[in-house]
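Peer 1: Based on the hints, put chain B in the right spot on chain A.
There are 2 protein chains.
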Amino acid sequence: MKASIIAVGTELLFGQTVNTNAAYLSDKLNHMGFDVMYHFVVGDNPKRLKEKLAEAFSDTDIVLLTGGLGPTQDDLTKEMVAEYFGVEMYEDKRVLEDLVEFFRKRGGRMAENNLKQAFLPAGCTPLYNASGTAPGFALSKNGKTAICFPGPPREMKWLFEHGAEEYLSELTEKKMYYRVIRTIGIGESDLEMLLMPLIDGQTDPTIATYAKEGECTLRVASQRDSAEEAEAAVNEMISRISGIAGEYIYSLDDEELSEVVVRLLKEGSMTISAAESCTGGAFASIITSVAGASEVFKSSYVTYSDEAKTELGVDRDIIAGSGAVSAETAEAMAEALFKRTGAEICLSVTGYAGPEAEPGHDVGEAYIGYMYKGKIGHTRLSTSRIDREWNRNYFKLRMLRTAYMLLRGQDIQ
Amino acid sequence: MKASIIAVGTELLFGQTVNTNAAYLSDKLNHMGFDVMYHFVVGDNPKRLKEKLAEAFSDTDIVLLTGGLGPTQDDLTKEMVAEYFGVEMYEDKRVLEDLVEFFRKRGGRMAENNLKQAFLPAGCTPLYNASGTAPGFALSKNGKTAICFPGPPREMKWLFEHGAEEYLSELTEKKMYYRVIRTIGIGESDLEMLLMPLIDGQTDPTIATYAKEGECTLRVASQRDSAEEAEAAVNEMISRISGIAGEYIYSLDDEELSEVVVRLLKEGSMTISAAESCTGGAFASIITSVAGASEVFKSSYVTYSDEAKTELGVDRDIIAGSGAVSAETAEAMAEALFKRTGAEICLSVTGYAGPEAEPGHDVGEAYIGYMYKGKIGHTRLSTSRIDREWNRNYFKLRMLRTAYMLLRGQDIQ
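These protein sequences, in sequence, are chains A and B.
Note that the numbering used here numbers the first sequence so that position 130 is 130, with each residue one more than the last.
Note that the numbering used here numbers the second sequence so that position 213 is 213, with each residue one more than the last.
Everything labelled a hint here was simulated from the structure, so no lab data went into it.
Careful: at least some of the hints might be erroneous.
[Claimed, not checked] Now the stretches of chain A that chain B is said to cover, found in silico as 3 or more residues with beta-carbon under 8 Å:
(1) 132-138
(2) 230-240
(3) 256-269
(4) 300-314
(5) 404-410
[As the list claims (entries may be wrong)] Derived lysine-lysine pairs resembling DSSO-like cross-links, with alpha carbons at most 27 Å apart:
(6) B:105 x A:2
(7) B:116 x B:105
(8) A:50 x B:47
(9) B:105 x A:47
(10) A:50 x B:2
(11) B:266 x A:47
(12) B:50 x A:144
(13) A:157 x A:105
(14) A:2 x B:28
(15) A:157 x A:116
Positions of the beta carbon are idealized from the N, C-alpha and C atoms, including for glycine.
Chain A on its own, in the form it takes in the complex:
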């Protein structure tokens, strides 16, 4: 069944609020096997809301609406939905009692306009709201279903989980299953070319690629009569994808690369440490962003200046001879780091994030050094980008990838 989502609220059109509700509901709907066709955002304007509601229903069976259920006069979602379905509003006794109780408990008097919230479209299934004052509701008529949620994400989620999800599950037979695969080391276009034999003319499971910062994600989704069928179809397709692109896959379960690296370190009861120049601590920061990182991460150094590198233990002559941004310095940093920390995996990075580089070097040039199991090595990066933020992030991701490849016993590229 086809669904669309309408968010009501001028603050969204001002760009003051990001429409996270649509993402949350889309994810839920897809899991349940509905096809989300559109998101709409309209302001607190009854005429345009009514138009978009009709538009959405012209093409989809289910419309989820968020926002515009509050007590103020510009909250008109309920009224427009009732008008669309041609039903009257009625005062819901329980909502009214809940409202009175809510304000009594808070010891505050109830502003008159709150009573507006007790009115719902006749024939609807009320979604009583224990997480706030504005109730939601579901209303089905002539094969069309509208479900209205308050705008605040916390209340919207609460009502979805307490009533709306169950209501929706009774509308569908089809079951959806999907998994998200994470890859690194291959661009979106190359990955798509590689998988073209599987993607081409593929209707179910579907394979969608999309590029994320320095990596590429694959979404494999199937919609069948039973959840078991869908799951089996997805897993069968994933094993075929692994056969073709396995070397680039670092997670079959949508994990962040940092999470995978920390998990592998824990499994091997190993620790990791870094000596960072151009990334300035970004690598240490992403490793320690993983809960429980303290098991595998003890200390790290940001050796930004030449003095800091020599203070770490890098031979002055190496920096003088090969330059601060060089394979030799990167390897010397990793080795000096190992002498300091004794961490099983010692990584270093030195490079030009931008906007400027020394004469004879390009912005985007960097060297990652590593020492692992007594072996010292490096990898050279060249992004041909001038964007400092982009470069720093890419260097950090490549450090993560280097750690991952070392842990997986793969050759460092």
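Peer 2: Just chain B now, kept in the frame of chain A:
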């Protein structure tokens, strides 16, 4: 003039990606004096994209589109826009050269489907993309204007700032001028109360407050017949705001606090260094994210474990006696750091970012230590939040704020 925004991408309808682009563009368009009427999200589906494009144009003069400009076969935004305007596609020589050069520098071979990116609608104004491979473009015909951006937020923003904004500004007669003021140390509602005499009944310039992670931003905007008039009105209002809320303002030009801190350090030819525990390098990372930070930042330490703290020079007994998360340890870290680096500003942080804390402590409790001009001190933080990411970011911001207040000679709170 009326505008709407269409985001193209199935990942948005799957709920895997949140449509932050629409919020960014809405904010910018509103600044420029355009009225944003709708947001639409459609999947990578030519038919539905074309329908929504026609729908958007039926009611608005300007349509901004994001996504679907990439190299893969489901990227069809350009083609649909060309079809709507009834123009052919042409191969843009410069885009082609940029592509070839991009892949040459990368040393990688260019997947054939990348060539698709060099084709643009005839008569468009190309938006050449130095932040990625997919170009954007603006196309106006019969009073209707479409501007297409790549989906990745950074590329979209880069193209907006490098071409699209200027193109849009020529479409409107009214001239808009605005400035963004950054404040820290006061909540949004308190700031609004403080400025109420200025905000109340204020039509032009308008004053809008936005709460951001741990800080609050003010946007002062004016729309007049001439840019000069608008600028004068905004600056006059800003001087009145400074008179009332000056103590909380750290930038009158929308600078990041990290940029201001680096600028103040440069002006005082001082250096800064950090010993980070719970933030794991996030502070060093944000300082070094500022171009030219190398002048003021030489080295930094991530002392995550107790051993790392003693290795830095913290007395074992202090950690044993007061605990790793304590004012005493935070101050000892700052003092030990000063002995190591001699930096004018030495900051430390130790705390519980979550999800867990030692018995007798709360998640969200942290201590920032500092040594500056021979003075050692600390400030205690307690967020009463359990969100690890939120806490780490807040601790980092408070470290920035501590550096800022030290540099401004203000008392540390």
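Peer 1: Next, verify each hint and record whether it holds.
Peer 2: Verification of the hints:
no.	hint	result
1	132-138	violated (count 0)
2	230-240	violated (count 0)
3	256-269	violated (count 0)
4	300-314	holds (count 9)
5	404-410	violated (count 0)
6	B:105 x A:2	violated, 46 Å
7	B:116 x B:105	holds, 20 Å
8	A:50 x B:47	holds, 24 Å
9	B:105 x A:47	violated, 54 Å
10	A:50 x B:2	holds, 19 Å
11	B:266 x A:47	violated, 56 Å
12	B:50 x A:144	holds, 25 Å
13	A:157 x A:105	holds, 24 Å
14	A:2 x B:28	violated, 33 Å
15	A:157 x A:116	holds, 22 Å
Hints 1, 2, 3, 5, 6, 9, 11, 14, counting from the list given before, are not met by this structure.
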